[in-house]
Amino acid sequence: MRKQDAWGWEIAVDTFLGGAGAGLYASSFLLGVANVSAQEFLRYGLLLGPILLLVGLVVLFAELGKPARIIKAFANIRSSWMSVGGVIQTIFIICALGYSLPMFGPFSWLPWGTGVFGLLIGTVGLIAGILVLLYHGFLFGDSRGVPLWSTPILQPLFLFVGLSTGLAALFLIGYGIGMEMLTLQTIGNITLVFLAGEGIVLWAFLMVPSRMTYELSVMELKTPANLGIMGGIAIILPAVLFATISLTGFTAPGILAGLLILIGGFYLRHIIIKAGRYYPSRINMP
Amino acid sequence: MVRWGMVMDLRKCVGCQTCTVACEVENFLPRGVLWGRVDDYEEGEYPNAKRTFLPIPCMHCEEPACEKVCPTKATQKREDGVVTIDYNKCLGCKYCIVACPYEVRFYLKVGEEKIRWPGSPLWKGEFRSESQLLQKGTVSKCTFCTHRIDKAKELGKIPGKDPEVTPMCVNSCVGDARYFGDLDDPNSEVSKLASSQRAIRLHEEAGTKPSVYYLL
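Protein sequences, first through last, are from chains E and X. Residue 110 in numbering that gives the first Met the number 0 sits at position 111 of the first sequence; the count goes up by one each step and never skips. Residue 24 in numbering that gives the first Met the number 0 sits at position 25 of the second sequence; the count goes up by one each step and never skips.
These are computed hints drawn from the structure, not numbers from a lab. Any given hint could be a false lead.
[Unchecked claim] In silico DSBU-like links for lysine-lysine, alpha-carbon gap of 35 angstroms or less:
1. X:152 <-> X:11
2. X:152 <-> E:273
3. X:76 <-> E:2
4. E:65 <-> X:108
Chain X extracted, bound-state conformation (with noise of 0.2 angstroms):
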């Protein structure tokens, strides 16, 4: 079974922030939304002191929090590890947003003129089905960018190879930071990195074993 999961190598992430425009375009984010963000921080003190740039999508965990405590079931893990929102089902409670130790669920204020705008792709319902379509009053996060990696079988083409079928965010990332792929097949890339020395996740302690993993 496929399990796909994400590798970002932080000393090649150099905090450009294009991954995080790269998602907005992408998935017509409207102000405000940032469905992958690139945190930026300072440690120590000169003349020790470093600076790390921390990029953080949604961790598609395999246990995840906000699936749990979501009382409409408008998120489920779909079968591949992927973390999905029905907008059809959410009730805006905003019980996800507060359960997730990741901080990236956004809860979408604006009208629907700010998110369907005529003639944008998401009016027409070209990319999206009805319920991945944003809508005001609801949860939204990051989808792995489910409508490119979802076409991969039809296209004959492998998610993390192909860019056609990549999520956006790795394929801008112009340190080669980001790798995508399945963590359930011993011989894919992300895989191997994922069970290097070198890789860790985020807020372990928090139980819900995250598909994203850090290169230290």
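This is chain E alone, in the form it adopts within the complex (with noise of 0.2 angstroms):
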């Protein structure tokens, strides 16, 4: 029962990003669907999501064997993950650089700008976004020598943790350049959210028993580190900081909340790669 060593922290980095910058591109979107008022600050959110993954994508290229046949990764999309992944995340890049441009003065002649055409581009790419938080657990699933990763349980856990570690990312940003106070607590509200549900989530990945591969992966994960910090760290602690936030009013707690759901959510990723282990070829002779 090895481990597994083909994927490293490069596929984390990427993981990451990709999860974080679409769900800070989707939660922008969403609260500036929601709050017009608010546009002026989450366009820094639209515009920062798609370079997150776009820095992730680089980081990605450096661990391909031959980066310079990228190309070619578009090819098998009618049962390729990685392919399908590639279209996705080829379009949310487009799209939410084609919404969010135009809201930035030395881009605002682009000819679509900001009105209907503009806001179409957005839902795009918001849909696309959403897709990019599927797909990375999509792209374990299919690891059928790795039983760690091979369940559906990494869907629903990537995406819950790519929205609360994209709504860190917000928050933070959004303290930096001066948001009011009410759509921060609105921020931090919808974390909390999300934060409840990576808990139940990661909760059942770690419990449902499954073969012996995956058990003793699991095991690894359920150390006394791995539990504070994925559990303790990124979800528990962050979101007591968010609730303080909810109850008082007082804002400042949120950036070491939104800190640390983002130092979480690398962890989580990087963890779970690393504890990948393959299937134990093994035959029991009558």
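Hints given; two lone chains; assemble the complex.
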């Protein structure tokens, strides 16, 4: 039951930045639709989302054995999640940048602007962003050689982690540029909901019994240190801090909460990749 | 239609690793890359302990997980069931390595000079087409020695019976534990052995339908 060593930290960085970027864009877009007055602040989230995903892809390119052949990665969209993901991420980057760039002075000349057509582009970007969040789970789910990853639970887990890290990033951006307290409180409250979802799915992921290699990997995930980081530092402590903001209206603790969610979101992906073990090749002779 | 497959009698395998070495030599594999390996493990406790040798090549599955996930279609299943990699298309993403339930794919980290050294047949491209030559930064695996079995028609010989057109691991097996042939031919030795009650396949639960069978 050898540990997998094919995929390493580069995949963790790529999926973390991709998830956080898509989550940041999706949350900024939806908050902007609900509260148009906050658009002035949210535009930074809309722009940073696709940029984060792009940075993740650059890290991924560095990990490829033949990065110059990247264009060939779109060749198998009928069956490979990696190809499907390539298409989804491309659409997301184009649409998210297309929607957000006209909101900034130097790009206000772009012909579609922020009108109806711009909103349409942004909506396509939102759909693509949500698909990016789901895609990471499907990507790992097809890894039949590593039972820990070959589970449908990773799809909702990565969805929740992506959304919570995206919201955490949005909170930090908002705090940094002086977003009004009410909007920050709203972001904190929504993050609380996703943190709760993340906690429930993470619990299910660690508790559902399965094959032996899965259990060995899960045992590694369930060491006190890992549980402390994934559950305590990344979910419970930020939830308490955001609840404090909700109750008191004092937003400063949100900085720590946001940072902890981001660190925890990366650590969760990193440790899931690191704990993966190959199928044991054994035959019991009669 | 031909469908190449292999049967291994685990009662005959002595774990000598001759097949492993023969494969390395035949395919000019760099150090650390084992397209075929023989796992060696113990079961039970003294005085009822048993030692088992389990040879594991690529299973050339009917429904290969590696082919499904390959984003560039570098991994393809041929009409005769052999799963191959086109090294000119491989991206080196290693998705196939984590998708394969048999741990038989290898990422080539070493430079070309370690794979195709001057004077070697691979350097001159004598035995392989360009797309079959190993490249740094790509994933490689057992080919069922396609460079040998593909010569069968031309030479008028039968893979599994005539050594010149049979995979090297089968030729080299000192215990005569390996059988190779057409699984779709009901009269072939491999298809008879594969349908015997002693025959099993590794990780049936993965749903990949391997073309390699083990006799218990």
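Verification of the supplied hints:
1. X:152 <-> X:11: holds (31 angstroms)
2. X:152 <-> E:273: violated (47 angstroms)
3. X:76 <-> E:2: Between residue 76 (chain X) and residue 2 (chain E) the Cα gap is close to 28 angstroms, so the pair holds against 35 angstroms.
4. E:65 <-> X:108: At roughly 11 angstroms apart (the allowed maximum being 35 angstroms), residue 108 (chain X) and residue 65 (chain E) satisfy the hint.
Checked against the numbered hints given earlier, the structure breaks only hint 2 and satisfies all the rest.
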